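Enquirer: Sequence:
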Amino acid sequence: MKASQNIRLTTGLYANYFVHGFGMIILTQNLLQLAHNWSSTLTTASFILSGIGIGRLVAYLLMGFISDHFGRKTSLLIGISTYLIFLVLTPINHSLSMAYALTVLMGIANSALDSATYPLLEEVSKKGTANTVLLKAFISTGEFLLPMIVLFLANEHLWFGLSFMVPAAVLLVNLINIITLPVKEIRDKTIQATKPALQVSSGKKVILLIALLVYGFSSMAVMIWFTQWITIFAEGIGFSKSVAHFLLSLYSLGSITGVLIVVSTLSRFNVKKLLFLGLNILSLVAIVTLALTKNVLLANLAAFFFGLSAAGGLMQIALNSLLTIFPNRKGLMTGTFFIFGSIASFTVPIITGLLIKVPGLNIILADASMAILSLLVAITVYICLPNESRSLADARKTIDKIDKEILQLIDQRFTAVSDVIFYKEKSTLAIQDLKREGIILDKIAKESPRKELVPYNQAIIQAIMDQSKKYQAAKSNQLNK
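Note that my numbering gives residue 650 to position 363 of the sequence shown, counting from 1, and the numbers run on in steps of one.
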């Protein structure tokens, strides 16, 4: 694979998510003008936003299937094309029904990009986790720039639709870039060089699958819950309006800082599980502190560190872990993971809307329930997920450690063989017992965790038994001299 092609592909993937950062807030930032175009109230216009979630839920599994079976490039092109249609048509559309259809289309675009991008970044780079976390930084950059563009257009009395055309222009250039790239060839070549899947037992695979999919829900829920209610909560406990809004800004700043820290750390050290656990602990501590304090400085620090931990790339780390366990179903796993995030997008506003009616309830402290759920998943991942080897040296270090343990077990086995020699000599039994050897080999076949390793496991045990017989013969000769 040419280095230039890899750079173009990676740049294109990040460009898509820079645009997605615009897309995350572009409707809400222009809702007044859009409501006027649709001849609707703000309440009705707000309802149109639910179409994004509908599109994501409907399309994730389909796009995951397309990504796995028809190629990442196909899914990428669907995502870019549908996003382009949404961006170009939305500001010039005057039909309410068409507006809803376009927001559904945006949700489909999001699912198509996710189903191709996360698997591709994991496949084309040795730093898959760090690169997928970096997507969050590009999303945050887009979210940061769009309000300034909208404000500039308003101040200069320019058409609001230009805020849609800027990201559309980026996507158009990127569409040409992706079309002219042999993405399938890049994937086929690079996938051969990527590290093998993590070796996880079937039982632990099931546990990790359930846990990580739950994390797809809880990690999204804890962020939506916070961003939806923190300003209202802060004003409700006596903070000024400026302080209440600043808490959300600090959260965003913490998010970008967290991404940079996570990317830098994972690029240098093999500490993904430990980092994942540590940041989830920090997230829980930060949200509880924020819910209970009335000190402005402490609240500011808590908001920053909550953004750094909860919104600093933990969801991307969880997804990357899922993809390393199921490398042949990356598109499907990506789609399924984000479906749970979409469920959170729907259910959290409903849940919090009901909870806020409970007298005396601390709505931000209630958000800690999602942080606790995320922490339980992090503990499960820390226990069940094996460490990943980042290099040949790491792999050999792991092998050396295992070899040392094997030697200790072999020593114990030969100690037991010494007892066997004593009883065989006493009973005048033959050293070789082919019937027992057959029973042992059958047992190895049944108890091997991975069936493809059965012949290798049997050959290893057979070699140990052969050496054991030689050891017995040598010891027997010594005893009979």
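Check each hint, because a few of them may be wrong.
[To be verified] Restraint ranges, calculated between C-beta atoms of paired labels, are given here:
#	residue 1	residue 2	range
1	Leu728	Ile568	31 to 37 Å
2	Leu547	Thr634	44 to 50 Å
3	Asp698	Thr297	48 to 54 Å
4	Ile726	Thr552	47 to 53 Å
5	Ile747	Ile718	16 to 22 Å
These are calculated hints, taken from the structure and not from any lab test.
Predicted model, so just to flag it, every value in this text is computed and none were measured.
In this text, a Cβ means the ideal position worked out from N, Cα and C, and glycines have one as well.
Enquirer: Indicate, hint by hint, whether the structure satisfies it.
Expert: We went through each hint and held it up to the structure:
About 47 Å separates the C-beta atoms of Leu728 and Ile568, a value inconsistent with the hinted range of 31 to 37 Å. Range check, Leu547 to Thr634: Cβ separation about 31 Å, and the 44 to 50 Å hint is violated. Distance hint check: the CB atoms of Asp698 and Thr297 are about 50 Å apart, consistent with the given range 48 to 54 Å. Distance hint check: the CB atoms of Ile726 and Thr552 are about 51 Å apart, consistent with the given range 47 to 53 Å.
At about 20 Å, the CB distance of Ile747 to Ile718 agrees with the hint of 16 to 22 Å.
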